[in-house]
Amino acid sequence: MARSATINPLRPATGPVALLIGTRKGAFILRSDRTRRNWTLSAPMFLGHIVHHVVLDPRDRRTILMAASTGHLGPTIFRSTDLGKTWKEAKTPPAFQKAPEGQEGRVVNHVFWLTPGHPSEPNVWYAGTSPQGLFRSVDGGITWEPFSYINDDPQYREWMGSVQDGTPDGPKLHSIIVDPRDPGHLYFAMSGGGVHESVDGGRTWTPIVQGLEVVEGFDASTITFHDPHCVRLCATNPDRLYQQNHCGIYRLDRSEGRWIRIGNNMPKKIGDIGFPMVLHPRDADTAWVFPMDGSTVWPRVSPGGKPAAYITRNGGKTWTRQDKGFPRVNAWWTVKRQAMTADAHEPVGLYLGTTSGEIWASRTGGSGWTCVARHLPEIYSIEVAELGR
Amino acid sequence: MNVSIPTPLRSYTAGQGEVQADGTSLEEVLVTLDRHYPGIRFRIITEQDTIRTHIRIFVNGEQVQHLAVPVRPDDHIHIVCALSGG
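As given, the protein sequences belong to chains A and B, one line each in that order. Residues in the first sequence are numbered from 1 upward in steps of one, following our numbering. Residues in the second sequence are numbered from 1001 upward in steps of one, following our numbering.
None of these hints come from the bench; they were simulated from the model. No residue lacks a Cβ here, since even glycine has one placed at the ideal position from N, Cα and C. Among the clues, some could well be false.
Output of the computed footprint for chain B on chain A, the stretches with three or more beta carbons under 8 Å from beta carbons of chain B [as the list claims (entries may be wrong)]:
(1) 61 to 72
(2) 99 to 113
In silico SDA-like pairs for lysine to any residue, Cα to Cα no more than 20 Å straight-line [said to hold, decoys possible]:
(3) A:LYS85 with B:SER1011
(4) A:LYS88 with A:SER148
(5) A:LYS91 with B:GLY1039
(6) A:LYS98 with B:THR1050
(7) A:LYS91 with B:GLU1047
(8) A:LYS25 with B:ARG1010
(9) A:LYS268 with A:THR318
Excised from the complex, chain A in its bound form (with noise of 0.2 Å):
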């Protein structure tokens, strides 16, 4: 594949800060200035619809999608070009092919995912849908058309696997990824359908799930049992992946050809079971994991009702846990995949937001942690906005 010799070292933002909220019942943004210590929540944006993404164009940082339904209505996207405060409806939103008569087509569910495309590539979006479906919009996100072969491949279709085999409200394609270095370099992830990457720009498509482990009883080598709930690849080092799956926390560097199982080094009562996966924007060996209860019958809360998110600072060999701030005692919180992230400055700021409406900032590097906003409805996906470098 094409590419660049050299990554160039993302220098520290510095700009003002704004979180774009994707909740159960709206949209909202958060914004900060420069120092991030205050925040400002604006009214909701399309209340009452489900919005599960929201997310900015990073190559204009005016366009924002945001991906949407209701309980009634079918599934669309909204976009903005002047950062939220106008929207349009896109012309055509993701939809599956017509299915020849006779035969039972597939519907789009819901919106999941929002990816930005190559910064070479300035009008061209990524959408991940539930049920799986990879679609892309090459005007801007106005109109949107399948993309590659996958959501009509007998052998990717088998290995979607049924309703049943997916999350509870519906089985999802998530985590499209593109490479830094090469805009045909693309990755995604299924849950429950394993993770995959091109290297021709979507010609074609090869699973990699060595070294994953799948619910015990199952056979690994059957794709469809792989749940990747969040898969992230390093900016400065994109030969580097890291992975929250639902039977742990992985890395891949692409020189080892397999994933290994960092969450090992997680102390045993807290485990390595969760949703978000969030990386440090210029150190590739500093992610953070934000654990829940995978013992039993899944409760997926906070362990013992203490929230904490673990740090590991050298790719996920030691792990150190950070919850200063956090409630000590009785807080059962949810924090699903889209719903934690990273901003860009320094010390990088993180953020999380909780299934019962709450959301918590650190501004050092996760040492700290203030909540930023309560009372929202329940949160789904949170993404920065750096308004400035």
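Based on the hints, put chain B in the right spot on chain A.
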């Protein structure tokens, strides 16, 4: 013919609860509606041309299940949002 628009779809019709649309079948009426109010059809009809799970459509008070249903100029079409949870 008259088409009743439920409140969740009135952002497309500039707040109007009743609009006019022509056609000899429900499908044609919905295509006409979408021409006047772009995007409205996909919110209620899937890409497989089925009525979405929590949408009901009535012609003269009779619920219809598919888009090929013939309609006449004096028919009244009601689009209704069914219960969809809290």
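To see whether the hints hold, each was checked on the structure:
no., hint, in the structure
1, 61 to 72, "holds (count 3)"
2, 99 to 113, "holds (count 6)"
3, A:LYS85 with B:SER1011, "holds (17 Å)"
4, A:LYS88 with A:SER148, "violated (27 Å)"
5, A:LYS91 with B:GLY1039, "holds (7 Å)"
6, A:LYS98 with B:THR1050, "holds (11 Å)"
7, A:LYS91 with B:GLU1047, "holds (14 Å)"
8, A:LYS25 with B:ARG1010, "holds (18 Å)"
9, A:LYS268 with A:THR318, "holds (12 Å)"
Comparing the model with each earlier hint shows a violation of hint 4 alone; every other hint is respected.
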